[in-house]
Amino acid sequence: MIKAVMMMNTQGKPRLAKFYDYMPVEKQQELIRGVFSVLSSRPENVSNFLEIDSLFGVDSRLVYKHYATLYFVLVFDGSENELAMLDLIQVLVETLDKCFSNVCELDIVFNYSKMHAVLDEIVFGGQVLETSSAEVMKAVEEISK
Amino acid sequence: MSSSSTSIMDNLFQRSLEDLIKGFRLQLLGESNFISRALEEIRREIKVTDLSTKSTALHKLSYLAALHGVDMSWAAFHAVEVVSSSRFQHKRIGYQAITQSFHEQTSVLLLITNQVRKDLTSANEYEVSLALECLSRIGTQDLARDLTPEVFTLLGSSKAFVKKKAIGVVLRVFEKYPDAVKVCFKRLVENLESSDPQILSAVVGVFCELATRDPGSCLPLAPEFYKVLVDSRNNWVLIKVLKIFAKLASIEPRLGKKVAEPICEHMRRTVAKSLVFECIRTVVSSLSDHEAALKLAVAKIREFLVEDDPNLKYLGLNALSIVAPKHLWAVLENKEAVVKALSDEDPNVKLEALHLLMAMVNEDNVSEISRILMNYALKSDPLFCNEIIYSVLSACSRNAFEIIVDFDWYVSLLGEMARIPHCQRGEEIEHQLIDIGMRVSDARPQLVRVSWALLIDPALLGNLFLHPILSAAAWISGEYVEFCKNPYETVEALLQPRTGLLPPSIRAIYIHSAFKVLVFCLRSYFSAKESILSSSAQEFSSTSSSMNAFTYESILNLVNVIELGLGPLCGTHDVEVQERAKNVLGFIGMLKQELGEKLDLQDNETEAFRVTAFMEDLFSEELGPVSTTAQEKVCVPDGLKLKENLRDLEEICGEFLKPVESDSVSYMDKISFSVSKLRIRDQQETSSSSSPPHEASSLLAEHRKRHGMYYLPSQKDDPDSNGTPSDYPLANELANEISPNAFNPKRKPSQSKPRPVVVKLDEGDELRITPQAKTTIETGNDDESLSRAIQSALLVKNKGKEKDKFETNPNSGQREKEESSRIEENHQNSEKKKKKKKKKKNGEGSSKHKSRGRNQAAAASEQVVIPDFLL
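In order, the protein sequences belong to chains A and B. Under UniProt numbering, the first sequence has 70 at position 70, and the numbering climbs by one with no breaks. Under UniProt numbering, the second sequence has 830 at position 830, and the numbering climbs by one with no breaks.
Here chain A stands alone, though its shape is the one from the complex (with noise of 0.2 Å):
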C-alpha cells in the first residue's frame, strides 16, 4: 500500500500531497515538515531510501527523487517493492511531461486539479493502478474536457 505521495520543492512548499489513511490537517502539515527536514539533510549521489518509521509508523519506507527544484516523495510499506516505487516516480514524471510539455515547477503550482487527477490514474486508494503514461493520459485528457 501506498500511503502517501508528495511533492515539494526545495524550500519545503509542499505542491501536490496526498495522504492515502486518513489524517487531519494539521497532522498532515507536520509529516510535510518532517519528510522536507530529513530530505534537505541528504547529500548528493546516496540513495533515494528512508526509513521514516518515526513519522509514519513501523514498516514504512520512503522513496524521493529530486528533480530540479522539486522533491517527489512516494511513503509505501511493506507490501511495495522499493526499485519498483522508483519507477513509478519516473512514470509519474514522464506523464507529467507528456501532459504539459517539459514540466517544470509552474507547471505543477497553476495545474492542481490536473495534476491530481494524473495522480488519481496513477495510484487508486493506495495502490499502483497503471503504469503506462500512454494509458493515463489518454484518460486525463477525457476528464479535463
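Hints should not be assumed to be uniformly reliable.
Unchecked claim - Think about it this way: if two alpha-carbon atoms lie no more than 30 Å apart in a straight line, the pair counts; the simulated BS3-like pairs of lysine-lysine are:
#: 1; chain 1: A; residue 1: 65; chain 2: A; residue 2: 98
#: 2; chain 1: A; residue 1: 98; chain 2: B; residue 2: 22
#: 3; chain 1: B; residue 1: 335; chain 2: B; residue 2: 379
#: 4; chain 1: B; residue 1: 47; chain 2: A; residue 2: 27
#: 5; chain 1: A; residue 1: 145; chain 2: B; residue 2: 118
#: 6; chain 1: B; residue 1: 47; chain 2: A; residue 2: 114
#: 7; chain 1: A; residue 1: 27; chain 2: B; residue 2: 22
#: 8; chain 1: A; residue 1: 145; chain 2: B; residue 2: 379
#: 9; chain 1: B; residue 1: 300; chain 2: B; residue 2: 186
#: 10; chain 1: B; residue 1: 340; chain 2: A; residue 2: 65
#: 11; chain 1: B; residue 1: 22; chain 2: B; residue 2: 47
#: 12; chain 1: B; residue 1: 22; chain 2: A; residue 2: 13
#: 13; chain 1: A; residue 1: 114; chain 2: B; residue 2: 22
#: 14; chain 1: A; residue 1: 13; chain 2: A; residue 2: 27
Note that these hints are calculated values from the structure, not bench results.
We have chain A already, so just place chain B on it with the hints.
Structure of chain B alone, referenced to chain A:
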C-alpha cells in the same frame, strides 16, 4: 482550465482557483492574512445556491486544505451538495473534496450513499471512476455494505478502465464489510485468469494486501498464483505474486519447494533489477531452506553489492541483513563489501553495514572488529559515532557478555569509549561497568585501574554525557577498593573541587566512595597495628600486600584531606550531599578524638576501632546482579498487610500513583542498575561468595510449594523452568561453577588467560539493552472476520468447482478444509448467526457442514490441504 472558464461565464467576480494561486504568489499582505481573506470569501461564496459558484469555492478550499493546512471539515455538507450536480466538473470537485476531508466521524457521510450509488451505476465511466475512488478512500462499513451490489456489477464490467478500479475498491470494501466477500470473491478470483496485464496487476495487488493481513485465507488459491508466476511476463504482476508467495511459503513450507524453481528462473532471466530484488527478498525471507535457491540469491546479492548505484548497494545490504541470522556464511562471504560500505557516503548504507558487521562478531574477532570500529567512530560524525558505540556495546553485552573472553581488554575499551569526543552513551557504559564489576570478580582489578584513570582526569568532569560513567567509576573505586594501588590519590580525586560540576546525585556517590576508601584504609591500619602488637610479622605483610603500609601520619593526612574536602559541603543545599558529608565528618570527628590520644593502648577497645570494624563489615558484603524476579520471591512476612494502607494513599495522590503491574516488565523498569538502588539487598545475596546460599533457595522451594500457582512463569527459556523446585539451586550453581577450564579447548593458543567466571542469573536476568518492542501486527476483529469470510467464500467456491485439480474426493477435501480453518468455536457461533441473518445462497448449507465437520475433527491439524496439483 475548464472550471475557471465556466465560472468566468457564470460569475464574473468570483475568483477561480487559478486566480487564487496567482494572488497567493503575488501577495503583499503576508501569507496568513491572505489565507484568512481568501477563507472569508470562500465562506461567503460557498453558501450561495448556484452550484458553479459553490463548486469553485469548494475547489479553492480543497487547495488551501491540502497545501496550506486549512481545516475544511466545516464544508462537508456543501461538498455533498456540489457532488449532486449533474455536471461532471462539479462532481469532480465535489468528490475530490469528499475524499480529501471525509472520515469516519463526518456526520454527513450517510448523505452521500445514494449519490455514490447513482454515480456507480452511471453510463459515464469517468463518473463511475470518481465514485469508486471516493469509496476506496473513505469507505465506511455502512457505505461498503450498501454499495456491495453495485461493486459486484462493476467487477463484471466490460470496460477495463472501470473494472480495474472496481478491483481496487474491493480491498477497502472487504476490509470494512467482510460479508461482501461472499458476494464478490468469485468474480475477483476469476480475474486472476484475465489476459489484460493491468487487470491482473490490480487483482494480484489486492491479493497481496489480503495475504499480508491473513496468509492462511489465501492459501487455497496457491495454484492460481502459481500459474501467474510461471506465465506472466509483466514485472509489476510478478513482484506482487512473489510477495504473496513469500507470505504463503512462510506458513506452508511445502509451497517453497514448488515455487523455488520458477523463482530461480526469473532471477536468472530477467533484466529488471526490481524483479531480481524481489526474488532475492522472497528467497531469503521465506525460502531460505532451499539451498540452490539460496545460493543463487546470495550470488545475486553479491552482484548488487558491487554495483556503483547506491540504491542497489543499499538494497543488497538490506537483503543480506535479512539472511544474516540463519545463514551467516552469506555475510562472511561478502565481508569486504560490507567493510567497504562502512565508509560510504550514504548514512543508510553505513548503518546497514554496521549492523551486518556486528552480526559477524564472535569470540575470536571481537577485539579486532572493535578496534576497527573505534577508529571509524573517531573519524565519524556524532550520529554515526554513537551508533557504532551502541552496536559494539550491545553486541558485547549480549547474554551477559557471552562473546567476551578477555575482560581486561573489554574494560579498557569501555574506558576508551569514554574518551571519544562525541560519545553520548554514558548510561549504557555505566551499566556495563557496574555489571561487569558484579558478575566478573576477576576483572575487578582492571576495573579499578580504569576507574582510577577516569576519576583522576579533571577534564572529564565538564562533559555532561560522561557523568554517568564517572559515577560508575566512583562506585567501583569505592566498592572494590581492595584492588586500589593508591587510595590516597583516589580520595583526592573523589573530592577535588571540580566535582562541583557534577549533579548532586553523583556527587553523593563520590562522597560515599570516599568514605568506603577511608574505612578500608583505617581498617588496614588498625589491623596492621594489631598484628604488630601480636608480633606476627607474616600477618603484617599479608595485610599490607600490594600497598604501602599505613602510617599514623598518612592516616592523619587522609583524614585531614577528607575533612578539608567535605567541610564546605556541609552547607550545600542538596540534602543528600549535605547528609553524606555530615555523616562522614561526624565519623571523622569521632575518629580524630581517638587518634589524637595515645595509640599504644589496646586499639581494639577504642570506639574508633570498633566502629571501623563494623563499617568494614558493612561494606564487605559482595553485591551481585539482582534478578528481575527477585522481588516476587521475597515472602511477605506475616502480619504485614501490603494492600490496605495504600488505598488511603490513592485518595491523597491518586494521579501520581500508577497501578502496579504484576508482570516482570515493570520490575525491570524499577529495578535498574543505578547505584543507589543497589543497596536494596536481596535475600539471596547474603554470603560473600558468589553462589546463592542454600538457605534462601530452600525457603524459595518451600514458598513455591505452598503458593505454586501464584508464581509467574520464568522469563528465560529455561529447561528447568517447569521442573521441581529442587532444580532451582542446581541451575544457579551450575552457572557459577563454569570453570575456566571449560573454555580451554576452544581457545586459540595465542590467548594465555582463561576466561574469568561470569555470574549469570538463572532467571530474571534481563538484558539491560532492551530489544525493540515487538511490533505486533494489529489483527483487530475486522481482520479476523475478513479472513473468516474469505475462507468461507473459498469453501463455497470449491463446492461449485468441478475441476480435475481436485483429485481427492471433493467432500473429504472440503471437510479437511473445514478442519483446517482456524476458527474458534465462539466465532463459529457468531458466524452461524450472521449467516442465518443474511440467508445467502450457500450460507446455511456450509454452516451446517461446518458444525458437522467440527465435531468430527476434534484434534485436527491446522494444515490446509493443498490440492494435489501443487504437491
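Restraint check for residue 300 of chain B with residue 186 of chain B, where alpha carbons must lie at most 30 Å apart: violated, 39 Å
Hint consistency between residue 47 of chain B and residue 114 of chain A [alpha-carbon to alpha-carbon, up to 30 Å]: holds, 26 Å
Distance restraint between residue 340 of chain B and residue 65 of chain A, which requires alpha-carbon spacing of 30 Å or less: holds, 25 Å
Agreement of residue 145 of chain A and residue 379 of chain B with the hint, judged by alpha carbon distance not exceeding 30 Å: Since the Cα atoms of residue 145 of chain A and residue 379 of chain B sit roughly 60 Å apart, the hinted pair is violated (cutoff 30 Å).
Given hint residue 27 of chain A paired with residue 47 of chain B - CA-CA distance at most 30 Å: holds, 28 Å
Hint consistency between residue 22 of chain B and residue 13 of chain A [alpha-carbon to alpha-carbon, up to 30 Å]: The given pair, whose Cα atoms are some 15 Å apart, holds under the 30 Å limit.
Straight-line alpha-carbon gap residue 335 of chain B to residue 379 of chain B, limit 30 Å: It holds: about 21 Å lies between the C-alpha atoms, which stays within 30 Å.
Given pair status - residue 27 of chain A, residue 13 of chain A, alpha carbons within 30 Å: Answer holds: residue 13 of chain A to residue 27 of chain A is near 16 Å, not above 30 Å.
Agreement of residue 22 of chain B and residue 47 of chain B with the hint, judged by alpha carbon distance not exceeding 30 Å: Answer holds: residue 22 of chain B to residue 47 of chain B is near 24 Å, not above 30 Å.
Agreement of residue 27 of chain A and residue 22 of chain B with the hint, judged by alpha carbon distance not exceeding 30 Å: Satisfied, since the Cα-Cα distance of roughly 27 Å is no more than 30 Å.
Restraint status (C-alpha distance of residue 145 of chain A to residue 118 of chain B at most 30 Å): It holds: about 22 Å lies between the C-alpha atoms, which stays within 30 Å.
Given pair status - residue 22 of chain B, residue 114 of chain A, alpha carbons within 30 Å: holds, 17 Å
This entry does not satisfy hints 8 and 9, going by the numbered hints stated previously.
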